[in-house]
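Chain A is already provided as a structure; the job is to place chain B on it using the hints.
Order-wise, the sequence lines are chains A and B. Sequential numbering from 1 applies to the first sequence in the working numbering. Sequential numbering from 1 applies to the second sequence in the working numbering.
Certain hints may be false.
[Claimed, not checked] Now the stretches of chain B that chain A is said to cover, found in silico as 3 or more residues with beta-carbon under 8 Å: (1) 5-16; (2) 89-103; (3) 107-115.
Please keep in mind that the hints were generated in silico from the structure rather than gathered at the bench. Note that beta-carbon positions come from the ideal geometry of N, C-alpha and C, so glycine has one too.
Number of protein chains: 2
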Amino acid sequence: MQINRIGKQTFVFHNEPNIIGAAAVVGKKEGQGPMKKWFDVILKDDSYGEKTWEKSESKILKKAILLALENAGKTKEQIDAILSGDLINQLMSSSFMARDLQIPFLGLYGACSTMTESLILGAVLIDGGYAQNIIAAASSHYCTAERQFRMPLEHGNQRPPSAQWTVTGAGSMILSNQIRSQQMIAGEPAKNLVVTHATVGKIVDAGIKDVNQMGAAMAPATVDTIMQHLKDTGREPSYYDVILSGDLGMVGKKIVKDLLLKENIDVSTVYDDCGAMMYEKEQDAHSGGSGCGCSASIFSGHIFKEMRQGKIRKALLISTGALLSTISSQQGESIPGIAHAVAVEGK
Amino acid sequence: MQINRIGKQTFVFHNEPNIIGAAAVVGKKEGQGPMKKWFDVILKDDSYGEKTWEKSESKILKKAILLALENAGKTKEQIDAILSGDLINQLMSSSFMARDLQIPFLGLYGACSTMTESLILGAVLIDGGYAQNIIAAASSHYCTAERQFRMPLEHGNQRPPSAQWTVTGAGSMILSNQIRSQQMIAGEPAKNLVVTHATVGKIVDAGIKDVNQMGAAMAPATVDTIMQHLKDTGREPSYYDVILSGDLGMVGKKIVKDLLLKENIDVSTVYDDCGAMMYEKEQDAHSGGSGCGCSASIFSGHIFKEMRQGKIRKALLISTGALLSTISSQQGESIPGIAHAVAVEGK
Numbered sequence: 001m002q003i004n005r006i007g008k009q010t011f012v013f014h015n016e017p018n019i020i021g022a023a024a025v026v027g028k029k030e031g032q033g034p035m036k037k038w039f040d041v042i043l044k045d046d047s048y049g050e051k052t053w054e055k056s057e058s059k060i061l062k063k064a065i066l067l068a069l070e071n072a073g074k075t076k077e078q079i080d081a082i083l084s085g086d087l088i089n090q091l092m093s094s095s096f097m098a099r100d101l102q103i104p105f106l107g108l109y110g111a112c113s114t115m116t117e118s119l120i121l122g123a124v125l126i127d128g129g130y131a132q133n134i135i136a137a138a139s140s141h142y143c144t145a146e147r148q149f150r151m152p153l154e155h156g157n158q159r160p161p162s163a164q165w166t167v168t169g170a171g172s173m174i175l176s177n178q179i180r181s182q183q184m185i186a187g188e189p190a191k192n193l194v195v196t197h198a199t200v201g202k203i204v205d206a207g208i209k210d211v212n213q214m215g216a217a218m219a220p221a222t223v224d225t226i227m228q229h230l231k232d233t234g235r236e237p238s239y240y241d242v243i244l245s246g247d248l249g250m251v252g253k254k255i256v257k258d259l260l261l262k263e264n265i266d267v268s269t270v271y272d273d274c275g276a277m278m279y280e281k282e283q284d285a286h287s288g289g290s291g292c293g294c295s296a297s298i299f300s301g302h303i304f305k306e307m308r309q310g311k312i313r314k315a316l317l318i319s320t321g322a323l324l325s326t327i328s329s330q331q332g333e334s335i336p337g338i339a340h341a342v343a344v345e346g347k
Numbered sequence: 001m002q003i004n005r006i007g008k009q010t011f012v013f014h015n016e017p018n019i020i021g022a023a024a025v026v027g028k029k030e031g032q033g034p035m036k037k038w039f040d041v042i043l044k045d046d047s048y049g050e051k052t053w054e055k056s057e058s059k060i061l062k063k064a065i066l067l068a069l070e071n072a073g074k075t076k077e078q079i080d081a082i083l084s085g086d087l088i089n090q091l092m093s094s095s096f097m098a099r100d101l102q103i104p105f106l107g108l109y110g111a112c113s114t115m116t117e118s119l120i121l122g123a124v125l126i127d128g129g130y131a132q133n134i135i136a137a138a139s140s141h142y143c144t145a146e147r148q149f150r151m152p153l154e155h156g157n158q159r160p161p162s163a164q165w166t167v168t169g170a171g172s173m174i175l176s177n178q179i180r181s182q183q184m185i186a187g188e189p190a191k192n193l194v195v196t197h198a199t200v201g202k203i204v205d206a207g208i209k210d211v212n213q214m215g216a217a218m219a220p221a222t223v224d225t226i227m228q229h230l231k232d233t234g235r236e237p238s239y240y241d242v243i244l245s246g247d248l249g250m251v252g253k254k255i256v257k258d259l260l261l262k263e264n265i266d267v268s269t270v271y272d273d274c275g276a277m278m279y280e281k282e283q284d285a286h287s288g289g290s291g292c293g294c295s296a297s298i299f300s301g302h303i304f305k306e307m308r309q310g311k312i313r314k315a316l317l318i319s320t321g322a323l324l325s326t327i328s329s330q331q332g333e334s335i336p337g338i339a340h341a342v343a344v345e346g347k
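Only chain A is shown next, with the shape it has when bound in the complex (with noise of 0.2 Å):
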């Protein structure tokens, strides 16, 4: 029996599962920022048309994923499983997406660090030869996740500069066993994009109790994955064009370059956030962007095509998740941090 598995907490992929096609939808706010020209889909209004704030999500979740099957090739009838989550309770936005789409569905929930949850499960049963086509998806929004964990919306209350703002958005990835028939880009052949490894986190809390504070609170276990990561592939961190954390924000951004240099590890020069990739300054977020759709729609945007074009060859994405709950916090707990990495490469 072949192993798959290097080191403490790696899984090696040896049949390199193909991402074969991704889209992000996004609202409004996150299409005036910096990341816009990668987004397929930029709303006008954030309710989408529909009556409730979380049927708006899973509708944003639904479009990205029939978009991304559309930029793949394929149709929802060769889809073996979708693996999704959000971070409504329950999952209502992935579980109510999953009913329209009448596909086998295995729900996830790692707080804003699905996104990589999803994909490592997804590359391992390709990988594995359990499935031949699977959908790896995630979202949030701003409005659903602003009622349920902090203050009704109509409140208007105020945010301390270290809070950050959930993404409205959602990010979709087909990843299958066959690669994709040669496209073009801009006159030269798009890369073919290949799921290599992928570290699986283990919670690390740092004792914070300030939900305003959620980078400080994520960035210890983004540390210990990064370096774990490193560890068992024995790589440097400059074998990557790009490291990608989750969404720590500016505040956890900082947090994590200045612990990994304690650790004598250097990420200056690949080094960034989705969180604080997301927003202008002038754009009032503070801190940055958060939630799952954040590491989801800049992954299926702006990575996914930038990887396609050759532009980035060797990525490594770590989502990061906040594992606090909507009372664990009121019953005076600290806030569980957690990573999970994948490394993508376009060959």
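Positioned in the frame of chain A, the structure of chain B alone reads:
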């Protein structure tokens, strides 16, 4: 590359991942029901010494995992990942359990289908060579579920006869790529349990909106998965000694039998339901048990032990989930049902 898949929705595990240990921890009421002799721990007090019900549930889950490890002869350092979920918003029980155990963690949400979701993905990780030892687990607690999904406990509301009682309990199984060292049970060599197949379900929504009719809401999804499993594997129901659905209760169990009979599939001699098995009629649990902990504790208690002794040889376990959310019902949505099946054989 080996294809580990048959039919439309079924994985085949050629390397036969072993279930080398299991444990079930339940509350006082569950410990007074017909399954009592199979549980490893029956609590005297469902608070389990904790100040909040959520922390009680997390502690019950952790206890079931630690006992399963002991039963399997493994230490937590030998475990590659925990796959677990529960009903509490943001998987509070599982997240805080995983924080304490410091093992790589993948959170799953399939409502009451979570036990088979974790078994399926755990079996995939072992069978595919991505892990050597995995913990698959799930939990629920009457007091956390009741106040989250229904009414404050102090309200003492009336429950209709079709309502089910959320099980206070957790079940955990240890999956391994190595067989368990030979043990004797009652003078006979114990059987080795292997996971042979898994069928991932798709969502079936029967249009039911009454949250006191969960069994009826989940029954069509259960029938869909049973029929798909039989079709994919080419088996008759009689192949199995036991076909056990998750927690449809008395009402849902009858519907499953009726719907299958309409399709000329007679399961009457082998079929039962964990929800229907959990309580005595006099225990006032109305239609029976529900919650992730229901099928989790019955598989990890009764079924695991009977299979180890060779009294059950072939079992098909189908945990069933109602993927409604705390707000989807308020928004007029019907209840999406899902069911995943896992085939286990004692060899």
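Exercise for the section: Examine the stretch 5-16 of chain B for residues whose CB is less than 8 Å from any CB of chain A, and state whether their number is three or more. Expected result: Held - the stretch 5-16 of chain B has 4 residues with a Cβ nearer than 8 Å to chain A, which meets the minimum of three.
Practice task
Between the stretch 107-115 of chain B and chain A, see if three or more residues pass the 8 Å beta-carbon test, and mark the coverage as holds or violated.
Solution key: Contact hint for the stretch 107-115 of chain B vs chain A: holds, 5 residues under 8 Å.
Problem - Coverage of the stretch 89-103 of chain B by chain A, judged on three or more residues with CB within 8 Å - result: Satisfied; 10 residues make the cut.
The earlier numbered hints are all upheld by this structure, with none contradicted.
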